[in-house]
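Novice: For chain A, the structure is supplied; the task is to place chain R on it using the hints.
2 protein chains.
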Amino acid sequence: MPASTSSAPGRPRTNLDATVFAAALRSVHNLGYAGATMDRIAAEAGVAKTTLYRRWPSKGALITDCLVDALGPAPLDGAGTDEIVASAIHWVAAKIGEPGVGGAFAGVFVDAVSDPALREVLSTRLQDPYRLALQDVLGEPEHRVLFVIDVIVGTLLHRMGMTGKPMADADVAELVEMIRRVLR
Amino acid sequence: MPASTSSAPGRPRTNLDATVFAAALRSVHNLGYAGATMDRIAAEAGVAKTTLYRRWPSKGALITDCLVDALGPAPLDGAGTDEIVASAIHWVAAKIGEPGVGGAFAGVFVDAVSDPALREVLSTRLQDPYRLALQDVLGEPEHRVLFVIDVIVGTLLHRMGMTGKPMADADVAELVEMIRRVLR
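Chains A and R, in that order, are what the protein sequence lines are. According to numbering that gives the first Met the number 0, the first sequence holds residues 0 to 183 in order. According to numbering that gives the first Met the number 0, the second sequence holds residues 0 to 183 in order.
The hints are simulated quantities; they were obtained by calculation from the structure and are not laboratory data. Fair warning: there could be bad hints in the mix.
[Unchecked claim] List time: in silico DMTMM-like cross-link candidates among lysine to aspartate or glutamate, alpha-carbon distance up to 20 Å:
id : chain 1 : residue 1 : chain 2 : residue 2
1  : R       : 164       : A       : 168
2  : R       : 164       : R       : 141
3  : A       : 164       : R       : 127
4  : R       : 164       : R       : 76
5  : R       : 164       : A       : 114
6  : A       : 164       : R       : 141
7  : R       : 94        : R       : 76
8  : R       : 164       : A       : 127
9  : A       : 164       : R       : 114
10 : A       : 94        : A       : 141
11 : R       : 94        : R       : 173
12 : R       : 94        : R       : 141
13 : R       : 94        : R       : 64
14 : R       : 164       : A       : 38
15 : A       : 94        : A       : 127
16 : A       : 164       : A       : 97
17 : A       : 164       : R       : 119
Next comes chain A alone, as it looks inside the complex (with noise of 0.2 Å):
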């Protein structure tokens, strides 16, 4: 179906979807993750409520896909593994700093621990991407991979969530650091 004759109310679908978005991050931002409800995202985004659940089974999902938009591609192009490292964690560090992002992160993790069709979708939609990226560009095994992913943007949420505010630059440093030594 071309998106000139889409359903969605007068707009095209990518549209709705960078509304919808935006409107899943205030939310989780205003309201703590548990609080941003399928239904606040509707009323903050201006759509109906069945419009969301046309496009996304469930909350998980549509902050799954959130994320995805919010993240973009990772720059993973620096010259060799140090500098490919610190440009990954830095880039991660910041987005996770972004109003809602950390929010969102950390609260689809919590409902996929007792969700597993939302761990499929985290999997395949958000993490692999990234995953097979950095197993390409750093030569290593998907295991090796998957652990440092787990260290990474695990050290990242805690901080935020024993501390309300992303990580301070001294401490991404010797994140930094730490993964290099393990890569080493």
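Specialist: Relative to the frame of chain A, chain R by itself:
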């Protein structure tokens, strides 16, 4: 007020705590963190919701006390940094793998992202006792111990969110080795 005149229905307060904590972990395990509402925890424990709110101002505060109880004291009595790091990481990895504990742990951090009062409770009641014990036994300053806690707990919780399972032994061993290098 002495425990014997507590308003809890017919039992001393410590038994009420134990009943509520077990009900909270069962609810998180069966329904996920979001699904384990104060209503569901009260029903699972067989107490009135008002009984819970008399004791804890929020679900986050209840879950924090539940985690303090479930984790208990950390085993930090090895000979030297390498042994202490290994025993502490194996201990917290096993705890996070217990039914409901990983989900409760991750969930309360997410609630804390948007709740400064809960961050204060989490920091003082859950994290500080471990942080102070680690500073003492490792002879490391506060900011280094906070970094190490972020890495260990964040990594283990991220793995739980992505896979629904605790981290495998080989990866826990890699985490131990990585933290030992940070502290050398």
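Novice: Mind listing which of the numbered hints don't hold for this structure, in increasing order?
Specialist: Result: hints 1, 2, 4, 10, 12 and 14 break, sorted rising.
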